[in-house]
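**Student:** Build the full structure now, drawing on both the sequences and the hints.
Residue numbers (our numbering): 2 to 131.
Each hint should be verified, as a subset may be incorrect.
[As the list claims (entries may be wrong)] DSBU-like, lysine-lysine: derived pairs with alpha carbons at most 30 angstroms apart:
{"id": "1", "residue 1": "Lys65", "residue 2": "Lys7"}
{"id": "2", "residue 1": "Lys68", "residue 2": "Lys6"}
{"id": "3", "residue 1": "Lys7", "residue 2": "Lys68"}
No wet-lab data here; the hints were simulated from the structure. A quick note: this is a predicted structure, and the numbers were derived from the prediction, not measured.
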Amino acid sequence: MSAIKKFQVTFDCAEPERLARFWCEVLGYVAPSPPPEEQDSWFACSDPSGVGPRLYFQRVPEGKTAKNRVHLDVRVGTGLVGDERLATLEAECARLVALGATHVQTLYADGENESCIPMLDIEGNEFCID
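**Tutor:** Put into structure tokens, the structure is as follows:
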């Protein structure tokens, strides 16, 4: 049996283009435009290096009603510990808040786990920066 080589992450949302453009800013992705007749129903973005997964945003009629069962971890502090890690996370948090994200809380290192910051994107989807 062969291993899966590629996958995409799909978001149900109210405003596909707006949410896609937010995530492009977060991740440094690019967003080619869908055909004009489909711009209101979906939008996608991809890693320009071709390494990361494609993100696909599809319009759905219902709003978000519960906590995500899956969320993205945006890995900005990999390899960092202590105050250096926390400063890096806090700087990224400030950048993302300026883009419209919501800072939920800061979880500080506790001897077992390193610091991370849970956040919400512009449509209320949970994600973490760690």
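**Student:** Taking the earlier hints as the rules, which of them does this structure contradict?
**Tutor:** none
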